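Asks: Each residue of the sequence shown is one higher than the one before, starting from 1 at the first, in full-length UniProt numbering.
None of these hints come from the bench; they were simulated from the model.
These figures come from a predicted structure and were not determined experimentally.
Misleading hints may appear alongside valid ones.
As the list claims (entries may be wrong) - Per label pair, the in silico range of CB-to-CB distance:
hint: 1; residue 1: 110; residue 2: 86; range: 35 to 43 Å
hint: 2; residue 1: 104; residue 2: 163; range: 39 to 47 Å
hint: 3; residue 1: 110; residue 2: 193; range: 45 to 53 Å
hint: 4; residue 1: 172; residue 2: 133; range: 19 to 27 Å
Said to hold, decoys possible - Lysine-lysine pairs mimicking DSSO-like chemistry, simulated, CA-CA at most 30 Å apart:
hint: 5; residue 1: 138; residue 2: 86
hint: 6; residue 1: 194; residue 2: 109
hint: 7; residue 1: 85; residue 2: 189
hint: 8; residue 1: 168; residue 2: 157
hint: 9; residue 1: 109; residue 2: 127
hint: 10; residue 1: 168; residue 2: 138
hint: 11; residue 1: 107; residue 2: 186
hint: 12; residue 1: 107; residue 2: 189
hint: 13; residue 1: 138; residue 2: 73
hint: 14; residue 1: 194; residue 2: 86
hint: 15; residue 1: 139; residue 2: 78
hint: 16; residue 1: 107; residue 2: 139
hint: 17; residue 1: 85; residue 2: 160
hint: 18; residue 1: 157; residue 2: 78
hint: 19; residue 1: 194; residue 2: 73
hint: 20; residue 1: 131; residue 2: 168
hint: 21; residue 1: 97; residue 2: 157
hint: 22; residue 1: 131; residue 2: 195
hint: 23; residue 1: 186; residue 2: 157
We put the beta carbon where it would ideally sit given N, CA and C, even for glycine.
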Amino acid sequence: MKKILLASKAILGAGIIILFLNSCKNEVKQEDPKEVAEDANEAKFDSIDSKEDDSEFLVDQAEINLAEIEIGKLAQQKSTNAEVKKFGKMLVDEHTKSASEVSALAKAKNFTLPSSLTEEGQEEYNKLNEKSGLDFDKKFADMMIDGHEKAIDKLQKAAKDAHDEDVKLWASNNIAGLTAHLEHAKLLKQNLDKK
C-alpha cells in the first residue's frame, strides 16, 4: 500500500513538473514579414549592393500597398462619410493593381516580398480602427497625406537612383498616380476640417 501511495505521489509530482515546464515555454514571436523579405533578399544579393538597394525599394512598395489596401477596406467599412468611403475604395483598387505590378517585377528580379501586413502597418491600422465618426475620417485623411508624401519621396529617389532600369521605370511611372492620391487626400482633409 505504501508503495502505491509513493508511486502515485511520484506520478503526480512528475505531471505537475511537466505542466509547469510547458507553461514556462517561451512563445515564439512571429517575425515581421518585411524583415523576413529583407533578410531573404540580403542573403541572395549580399555581394551585389545594387540589387539589394532595388530589392529594399520593392519591399517598401509591397509594404505600402498592403497597408493601403487594408486601410482602404477599413475606411469603406467604418466611415459614414461618402467621400472617405469613395477614397477607401479607390485605394483598394489602385493599390491592388500596384501590388500585382510590384509582385511581377519582384518575381522577374528574384526578389522576395512581404506577403502580409508588417508590425508597423498593423499598429497604424489598429490606431485608426480605434477611432470612429469624424475622428476616424480625420485620422484617415492625415494618414493618407503622411503616407503618400513618404511613398512619393521613395518613388522619386528610386526613379533617380535605382540600378535596375525596370525598377527605375516602374518608380517613375507611378509618381503621378500617388501625387494624385496625395492631392485627393489633402482636399478630403480640407473638407473634413470644415466640419
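Asks: Against this structure, judge whether each hint is valid.
Replies: These are the hints, each one checked on the structure:
1. Take residue 110 and residue 86: their Cβ atoms lie about 38 Å apart, and the range 35 to 43 Å holds.
2. Look at residue 104 against residue 163: about 19 Å separates their beta carbons, and that is not inside 39 to 47 Å.
3. The supplied range of 45 to 53 Å is met by residue 110 and residue 193, whose beta-carbon atoms lie about 46 Å from each other.
4. Distance hint for residue 172 and residue 133: a CB-CB separation of about 39 Å, inconsistent with the stated range 19 to 27 Å.
5. For the hint pairing residue 138 with residue 86, the CA-to-CA distance comes to about 15 Å; that is within 30 Å, so the pair holds.
6. As the CA atoms of residue 194 and residue 109 are separated by approximately 47 Å, the hinted pair breaks the 30 Å bound.
7. With a C-alpha separation of about 14 Å, the suggested pair residue 85 and residue 189 falls inside the 30 Å cut-off, and the hint holds.
8. With a C-alpha separation of about 9 Å, the suggested pairing of residue 168 with residue 157 holds against the 30 Å cut-off.
9. Between residue 109 and residue 127 the CA atoms are separated by roughly 35 Å; this puts the pair beyond 30 Å, and the hint is violated.
10. Annotation: proposed proximity of residue 168 to residue 138 is violated, straight-line Cα distance about 34 Å (limit 30 Å).
11. Of the pairs offered as hints, the one joining residue 107 and residue 186 is violated, with about 34 Å between alpha carbons and a cut-off of 30 Å exceeded.
12. The suggested pairing of residue 107 with residue 189 is violated, with an alpha-carbon distance near 37 Å, which exceeds 30 Å.
13. Of the pairs offered as hints, the one joining residue 138 and residue 73 holds, with about 16 Å between alpha carbons and a cut-off of 30 Å not exceeded.
14. Between residue 194 and residue 86 the CA atoms are separated by roughly 19 Å; this keeps the pair inside 30 Å, and the hint holds.
15. A hinted pair counts as satisfied when its Cα atoms are at most 30 Å apart, and residue 139 with residue 78 qualifies at roughly 12 Å.
16. For the given pair, residue 107 sits about 35 Å from residue 139 by alpha-carbon distance, which is inconsistent with the 30 Å threshold.
17. Restraint check for residue 85 and residue 160: not satisfied, since their Cα atoms lie roughly 34 Å apart, outside the 30 Å limit.
18. At roughly 34 Å between alpha-carbon atoms, residue 157 and residue 78 are farther apart than 30 Å, so this suggested pair is violated.
19. With a CA separation close to 25 Å, the supplied pair residue 194 and residue 73 stays within the 30 Å bound.
20. This hinted pair does not check out: residue 131 and residue 168 have alpha carbons roughly 38 Å apart, beyond 30 Å.
21. With a C-alpha separation of about 22 Å, the suggested pairing of residue 97 with residue 157 holds against the 30 Å cut-off.
22. Proximity of residue 131 to residue 195 is assessed by CA-CA distance (about 16 Å); at most 30 Å being required, the pair is judged to hold.
23. At roughly 22 Å between alpha-carbon atoms, residue 186 and residue 157 fall within 30 Å of each other, so this suggested pair holds.
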